[in-house]
Amino acid sequence: MFEGVPLHWFLITGTIMFFVGIYGFLVRKNLITILMSIELILNSVNINFVAFNKILYPDHLEGMFFSLFIIAVAAAEAAVVIAIIINIYRRLVSINVEKMDEMKY
Amino acid sequence: MTPNQLMFAIFSAVIIIFSILTVTSRRILRAATYLLFVLVATGGMYFLLRFNYLAAIQLALYAGGIVVLIIFSILLTSHIAEKLEKPGLKKIIPAFLAAAGGALISIATILQHNFPAEVVSGGDRTNITMIAKSLISTEKYGYALPFEVISILLLAAMVGAIILAKKRKD
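Residue numbers (the numbering used here), protein chains in the order written: chain A, 1 to 105; chain B, 1001 to 1170.
FYI, nobody ran anything at the bench for these hints, they're computed from the structure. None of the values given here were measured: they were computed from a predicted structure. Yeah, the Cβ is synthetic: ideal placement off N, Cα and C, and Gly gets one too. Just so you know, not all the hints are guaranteed correct.
As the list claims (entries may be wrong) - Taking lysine-lysine and the DSSO-like style, the derived pairs with C-alpha atoms no more than 27 Å apart in a straight line are: (1) LYS29/A / LYS99/A; (2) LYS1167/B / LYS29/A; (3) LYS1090/B / LYS29/A; (4) LYS99/A / LYS1090/B; (5) LYS99/A / LYS1167/B; (6) LYS99/A / LYS1091/B; (7) LYS1083/B / LYS99/A; (8) LYS29/A / LYS1166/B; (9) LYS99/A / LYS1133/B; (10) LYS1086/B / LYS99/A; (11) LYS1091/B / LYS29/A; (12) LYS1086/B / LYS29/A; (13) LYS29/A / LYS1083/B.
Claimed, not checked - Listed next, the stretches of chain A that the computed footprint assigns to chain B, with coverage defined by at least 3 CB atoms under 8 Å from CB atoms of chain B: (14) 5-14; (15) 28-39; (16) 62-76; (17) 79-89.
Whenever a hint applies, use it, and build me the whole structure from the sequences.
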């Protein structure tokens, strides 16, 4: 319970966001939309960490630091993924995952 | 309904509605804009929980940095007016079943679990001084090693992104 808001509410919001991200990851074909789904998944995990930190262990900061490092890793990942996407687009003139079978030698 | 519950309801509704729109919208630039709303509402959630520093990082790095990067790459790789093709039912049904089933199982588990009702806090520790001291401390709750590792990771990602996106001479 955080000032009237139960912990369950945060967890359920995070769960729904996580599985919406999973759905997008499975359904989408465009590489950039798949990247957006991954960002949704990472964000939902952050909400859970922060809610657990504040409500169950208010004297610690572990959940906050985990979220901080997840955000940093997500930023690094987004930069590399977008470099790869631009490189693929330059070679294949498409970013559809189903046309990605030419990456093998 | 207390003000906190009201704010939570608003942020939660924005997060759920716009995350569903993000994965179903057929115009890719709109999907990126909906993703921006989701990220800003998540930042609001951190403000609600009094993690001011984390909320500032979320707004600056996620909503400011990553979304701009995604929009740049959209503009470089697709036409704005272009609509994505509709995914077939053969893809939608298994994906929907997997997502809905997983969500139902997780929510049922969360609702059955009894978390400790009231945890006594020894005062607010999330001020910037405590965060800075923990990040450079090598003692028990210190994060000096992960901090250094993440700086190496960021450097490697930067060099890797430049080399990958660089134009080849041939």
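Verification of the hints:
The straight-line distance between the Cα atoms of LYS29/A and LYS99/A is roughly 10 Å, inside the 27 Å bound, and the hint therefore holds. Distance hint between LYS1167/B and LYS29/A is fulfilled; the C-alpha atoms sit about 26 Å from each other, no more than 27 Å. A threshold of 27 Å between alpha carbons decides the hint, and for LYS1090/B with LYS29/A the separation of about 14 Å falls inside it, so the pair holds. A C-alpha spacing of about 19 Å is found between LYS99/A and LYS1090/B, which places the hinted pair at or below 27 Å, so the restraint holds.
This hinted pair checks out: LYS99/A and LYS1167/B have alpha carbons roughly 22 Å apart, not beyond 27 Å. Pair hint LYS99/A plus LYS1091/B holds up; C-alpha atoms about 17 Å apart against a cutoff of 27 Å. Taking the CA atoms of LYS1083/B and LYS99/A, the gap is near 18 Å; set against the 27 Å cutoff, the hint holds. A threshold of 27 Å between alpha carbons decides the hint, and for LYS29/A with LYS1166/B the separation of about 25 Å falls inside it, so the pair holds.
Among the hinted pairs, LYS99/A with LYS1133/B is inconsistent with the structure: their alpha-carbon atoms are about 49 Å apart, more than 27 Å. About 17 Å separates the Cα atoms of LYS1086/B and LYS99/A, which keeps this hinted pair within 27 Å; it holds. Between the alpha carbons of LYS1091/B and LYS29/A the distance comes to roughly 10 Å, so the proposed pair stays at or under 27 Å and holds. For the given pair, LYS1086/B sits about 10 Å from LYS29/A by alpha-carbon distance, which is consistent with the 27 Å threshold.
Distance check on the hinted pair: LYS29/A and LYS1083/B sit about 12 Å apart at the alpha-carbon level, within 27 Å; holds. With a cut-off of 8 Å between beta carbons, the segment 5-14 of chain A has 8 residues touching chain B; three or more are needed, and the interface restraint holds. Counting residues of the segment 28-39 of chain A whose CB falls under 8 Å from any CB of chain B gives 9; the rule of at least 3 is met. By the rule of at least three residues with a Cβ nearer than 8 Å to a Cβ of chain B, the coverage given for the segment 62-76 of chain A holds, with 12 such residues.
Coverage of a stretch by a chain is defined here by at least three residues with a beta carbon nearer than 8 Å to that chain's beta carbons; for the segment 79-89 of chain A and chain B the count is 9, and the condition holds.
When the structure is compared with the earlier hints, a violation turns up for hint 9 alone.
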